[in-house]
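K.L.:
Going line by line, the protein sequences match chains L and Z.
If you're matching positions, the first sequence starts at 15 in my numbering and goes up one per residue.
If you're matching positions, the second sequence starts at 56 in my numbering and goes up one per residue.
Among these hints, one or two may not hold up.
[Claimed, not checked] Within a straight-line C-alpha distance of at most 25 Å, the following computed DSS-like cross-link-like pairs (lysine-lysine) qualify:
#: 1; chain 1: L; residue 1: K169; chain 2: Z; residue 2: K219
#: 2; chain 1: L; residue 1: K20; chain 2: Z; residue 2: K241
#: 3; chain 1: Z; residue 1: K241; chain 2: Z; residue 2: K219
#: 4; chain 1: Z; residue 1: K144; chain 2: L; residue 2: K20
[Unchecked claim] If you only want the chain Z side, here are some residues facing chain L, beta carbon under 7 Å, derived:
#: 5; residue: L61
#: 6; residue: P75
#: 7; residue: L160
#: 8; residue: T168
#: 9; residue: F288
#: 10; residue: V290
Hints in this document: simulated from the structure, not taken from any laboratory.
Beta carbons are placed, not taken as given, at the ideal position from N, Cα and C, and that holds for glycine.
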Amino acid sequence: MVRFLKRSYIYLVFAFLYMPIAVLMVYSFNDSRSRGVWGGFTLRWYVELFQDRTIMSSLYSTMFIGVTSAIIATIIGTLAAIGIHNSRGIQKRLIMNITYLPVLNPEIVTAISLMILFVFANVRLGYLTLLLAHITFNIPYVILSVLPKLRQLNKHLYEAALDLGSTPVQALWKVIIPEIMPGIITGLLLAFTLSIDDFVISFFTTGSGVSTLSITIYSMARRGINPKINALSTIMFTFVLLLLIVVNVRQAREEKKGRNGRHGSKKQIRSFDAKFGDA
Amino acid sequence: MKRSSLFPYVIWMTLFIVVPMFLVLYYAFTVPTDTGATWSLENFHRFFEPIYLRVLGRSLRLAVISTVICFVIGYPAAMVMAGNAFSRKNVILLLFVVPMWMNFLLRTYAWLTLLERNGVINVLLTSLRLPRLNILYTESAVVLGMVYNFLPFMVLPIYSVLSKIDKGVIEAAGDLGANSFRVFTKVVFPLSLPGVVSGVTMVFMPALTTFVISRLLGGGQFTLIGNLIEQQFLVVGDWGFGSAISVVMIVLILLSMAIMSFFEGEEKSVALW
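Please model the entire structure based on the sequences and the hints provided.
P.N.:
Below is the structure:
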């Protein structure tokens, strides 16, 4: 009985979490502009969605900036994590504190500070500033994903590689990087998802003509309800769901192989490292 | 060699994190003059006018209400999930996380559809001959949006702490004669406090600083501190005042984090005794 009550409570919370998404998805097939009225099944909104120039070009920008910023942030962040791992004392603490700054700072503060910088330095707001901003807020998350892997690393591995005659660069490329690869991949994926999900920082650092998907949705939603957004939501949610299933199946397989990589949802990692990660 | 790998990062962060923060401080503490700018506290002085203090008060109030609701809903949920009511905990946890992967704006927008005058909820209520619910573009809708978006931030840290509690400790408390209520108040809850603290921080901070939820679900009538900052930068163009509000917001957040870690620290020392 108690077990039943407990389960029902969780199902109730799930209903709360999923109801809005479910309603959006159902209404994306509704052949009527007004809500509440069911006008029959249609794919009209999907057709209109793909014909909408603004949405399609912002989808392209989102993907371009997501991929580019994730790759650059992963390179800088991985190198930084290796450097942080090998530094000590005040230097390490100072760098870690600066790393946590964008994680803990309210997004809007990071956003306006970057906007001030770009305008102050006379950089035209647009693709470039958007990219720079995204790399900036992504790097800390890459570092926080890679550092735990470095801590698990056997200290003598690097020395052994050197003893066996490899140069430091070789040791890094052939020994260290492959060992911490799961952390790097996690960081890359995390950076990509954070980038495509971001609204606040993009909103302040973009200029006229350049718009990400989030910005487009915001300006459409501000004007009220639009069935094209419902269609878009359905596609995005399905995409995310498929991605999650793939990641989880892969992860389950890896765990069976006895490797316990550090995976988890982006928000989990963000939250737990922000709070419990080492400083 | 390994140390030098820090260089790109240090340069990047100096340029894009440290310098911008100083620029915010610079704009907050100066006012423009004909020849340039002079140091002044005028921007902060302006913030303490009643009209802006009311905005601050409203932001704090809505953030506190949302945090409390998230805690009241979230703590029991985390407890059930950490307990043995479900055999496949991973799936349940995953189901909790999935909605968060949906774009934040789309999740907020979804509530527009539900809460509208002729929206789904009202159609349902009317068909059941119940009175309509007209909360869209009110404070309630803003709070609802905050709870909806930030609830997982409360549940996940509490869940992670609860699921790590040594079952032996709970059994020991039972063996020593504590009933389940006392086990909860004296053992489980104190041990879960670090999770509660991070959950509360992670709900309170974004709730205090959001401008999207209040803009979409509050319809622009309910200006929060985040909306005020947005207006100063994107509409009014008063960077000085906008920066000053941001500085006030950072100070508020630092203060609340200090208070939270004080609670956390205090409990730790009690546990030590």
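K.L.:
So, for every hint listed, does it hold in this structure?
P.N.:
Results for each hint:
no.	hint	verdict
1	L:K169 - Z:K219	violated, 28 Å
2	L:K20 - Z:K241	holds, 22 Å
3	Z:K241 - Z:K219	holds, 17 Å
4	Z:K144 - L:K20	holds, 13 Å
5	L61	holds, 3 Å
6	P75	holds, 3 Å
7	L160	holds, 5 Å
8	T168	holds, 6 Å
9	F288	holds, 5 Å
10	V290	violated, 12 Å
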